[in-house]
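Student: Next come the chains, spelled out residue by residue.
There are 2 protein chains.
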Amino acid sequence: MKILKVNELVSIKRSIEAGTSEQQAVVKKIIMEVRDRGDEALREYTEKFDRVRLASFSVTEKEFKEAYGEVETELITIIREAAENIRTFHEKQLRPSWMKTEENGTILGQKITPLDSVGVYVPGGTAAYPSSVLMNVIPAKVAGVKRIVMVSPPDSNGKLPAAVLVAAKEAGVEEIYKIGGAQAIAALAYGTESITAVDKITGPGNIFVALAKREVFGDVDIDMIAGPSEIAILADETARADEVAADLLSQAEHDPRACSVLVTPSLELAEKVSVEVEKQMALLPRREIAARSITDYGVIYVTNDLDEAVETVNQLAPEHLEIITENAMEQLGKIRHAGAIFIGRYSSEPVGDYFAGPNHVLPTNGTARFSSPLNVDDFQKKSSVIVYSGRALKDNGAKIAAFARAEGLEAHARAVEIRLTNDQ
Amino acid sequence: MKILKVNELVSIKRSIEAGTSEQQAVVKKIIMEVRDRGDEALREYTEKFDRVRLASFSVTEKEFKEAYGEVETELITIIREAAENIRTFHEKQLRPSWMKTEENGTILGQKITPLDSVGVYVPGGTAAYPSSVLMNVIPAKVAGVKRIVMVSPPDSNGKLPAAVLVAAKEAGVEEIYKIGGAQAIAALAYGTESITAVDKITGPGNIFVALAKREVFGDVDIDMIAGPSEIAILADETARADEVAADLLSQAEHDPRACSVLVTPSLELAEKVSVEVEKQMALLPRREIAARSITDYGVIYVTNDLDEAVETVNQLAPEHLEIITENAMEQLGKIRHAGAIFIGRYSSEPVGDYFAGPNHVLPTNGTARFSSPLNVDDFQKKSSVIVYSGRALKDNGAKIAAFARAEGLEAHARAVEIRLTNDQ
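Which chain is which? The protein sequence lines are A and B, in order. 242 is the number that the working numbering gives to position 190 of the first sequence; each next residue is one higher, with no gaps. 228 is the number that the working numbering gives to position 176 of the second sequence; each next residue is one higher, with no gaps.
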């Protein structure tokens, strides 16, 4: 792993995959077809891309039952416990509607309401990610969303992975459709004969899914378009090199474009970690992916002191940040930008990926400067409430009318004044 | 104004202006030029579009002073009072960082941090909107954003409107640049020699500004791309037709594409309002704009009863909603989707546009189904905090590793296990 002296231009930004114009055209066509022809188009695309012709897209109660039979009891228990932890953490995020009363009789407030309906995309393919189901569904459930729909592409037998179905059931999803790709996003956004449209779509997917989400954005809401995953570890000489290396590799095994960075004032630690990464990497099943990630995007920055290391982390604004230093908690106040902050040597990143409770859907590619982990707020919206009293309008009406006229909006002024006149 | 029986397909959605491909190309070129050539390009575009060559883009202390001399003292006082009301309302939205401690020593939480820097776009042209300055700047200020930059296109004398400068100063902005259009958005997103880049850009603008915001989105955050304004009024026979008509017109005078809708179970009210709208409209300075808006997008829906009227409002998900019925407060709980809800006959919409305190930047075009008024959360972000204890990792490490292996991520499992091994 390369060791660099930190310089001013530290960044983990990688170009966002925008898709080829050919891919964009394919996605536009798919969306148009699903809008025009509904289920029929959905059925055709599923046959074409997933190699299965489905009479019905719905996952049945029987399939749920079978899934529970196929997943090991131990894993079901773990999923259940993880779901409970995630639920508890997200419930803490709930906010009440509030109001502020004024002596003149006016009431102002914010009414907080869940979205009516949300669609969650769960990728198919070789790896099934039940953790991703929990992380997307539970915040919506906690927010109070009544209708949560899940979609995921079926295998060529028309099945979804058993662990995904179990996670969905444990998270509280009842409505699941075996569709994937851009056609699934189109169905969620615009509806078909058998699938009612939703208000927001979340969840990761391949380039076609990402392009389709961008395309329907505005008609429905979407979550962020996630880039490849990344970790920055802020460590000093008290950190164990083998643990730091293991965490860097847990990020690198995700994706050849994943980014693992160590920032440390300790040249000794830097050198040890560099050696450990090579050693441990050689023993990993996904060592080819990890090696490409470490070679292309892995860096160890050696700084002059810990403060410079902290400032470097703020410049990176990493998705995941681990702080493994003496008095690690004392660094927390200095961190301005990071999706999730793991403090101390026991807070290895996989703890957060699966189990502790905070969400693993996090802002990537430096967007932690302005974005947050997926959370309950993402599934609620606010309405301002204004109950202006007669007294308040009498006291302030002339001012409001004057302000409106200063902006050249006469009808605004008159709307206020007609009430004052009517009350005389 | 046309009176219709409500049917199932009630919608206020108008097509979102996407710009011509020529406009898109112009915007892309401007952004590229500003990225490449910085201030020089900015100066050229300002000369081209705003017809003034500026040595420096900054608004000086002298210009601020002059502005205060030009604006009537009464208006300054009103702006100051409005700013105070807006500040008070938005301060109620502030949330603390929080933590949850567990008996095994683990601490989980959410750290809430303001964005480092925000840019606010203020449109130029004939009408100056100081209220828009207050509504965009104050939530950012309350959120704790340290650097707030304002940009606005200068007139051909290189000046900004005095009322806009006064509103900026009262809201607490010190850094203002006399630039506008796509070139201003590019400068905010990528920086130039004299303007440091920001993390988020908010504020309304013409089609070039909107296209530029879409283009830079991802590199920086943006607020919503607002559509034309709209109002729905839910009223029964207790409402005064002249007041309802005045409020519909206050919306219609904004824009020929603005949308004003009355939903009422009272055919009598409907007929009276229709007459009143024509009568009052004839006397408005902006009657041509209002007439086009009312003709193209104005509707009165007559429903069978009040519940059907409420359901119609929820389908519309209007930007502004007024409720002028008997026991109006009782309807609040049934409203699921609206940007701002004005209750009772004294809560005329301009009260909220200028003075009461809630924000006037609101979700348009039916997006109140999933979006909120501009608020303090828009200028803060959250970081998850995970301080996992040794005890917790000992108790749960095996489960976390098992979950990771079930997803095929061996390095994740090992990152947890190496700590357990090291501690033995």
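Careful: at least some of the hints might be erroneous.
Given that identical chains are not distinguished, each listed pair holds provided it fits within a single copy or across any two copies.
To be verified - The list that follows gives simulated cross-link-like pairs (lysine-lysine, DSS-like), each with its CA atoms no further than 27 Å apart:
1. 446 - 57
2. 386 - 163
3. 65 - 198
4. 117 - 198
5. 163 - 54
6. 57 - 114
7. 386 - 117
8. 446 - 331
No wet-lab data here; the hints were simulated from the structure.
Student: Decide, hint by hint, whether the structure agrees.
Tutor: A quick look at each hint next to the structure:
Taking CA atoms no more than 27 Å apart as the test, residue 446 paired with residue 57 passes in neither setting, with 67 Å inside one copy and 36 Å between copies. In this homomeric assembly, residue 386 and residue 163 come within 27 Å of each other (Cα to Cα) only across copies, at 11 Å, whereas the closest approach inside a single copy is 34 Å. Taking CA atoms no more than 27 Å apart as the test, residue 65 paired with residue 198 passes between copies only; the shortest distance there is 24 Å, against 37 Å inside one copy. For the identical chains of this complex, residue 117 and residue 198 are intra-copy neighbours only, at 23 Å inside a copy versus 55 Å across copies, given an alpha-carbon limit of 27 Å.
Taking the shortest alpha-carbon separations for residue 163 and residue 54, neither the intra-copy value of 52 Å nor the inter-copy value of 32 Å comes in at or below 27 Å. In this assembly of identical chains, residue 57 and residue 114 lie within 27 Å of each other by CA distance neither inside one copy nor across copies; the values are 59 Å within and 45 Å between. In the homo-oligomer, the alpha carbons of residue 386 and residue 117 never lie at most 27 Å apart, since the shortest distance is 49 Å inside one protomer and 38 Å across protomers. For the homomeric pair residue 446 and residue 331, the shortest alpha-carbon distance between copies (25 Å) is at most 27 Å, but the shortest distance inside one copy (77 Å) is not.
The structure does not agree with the numbered hints 1, 5, 6, 7 stated previously, though it agrees with the rest.
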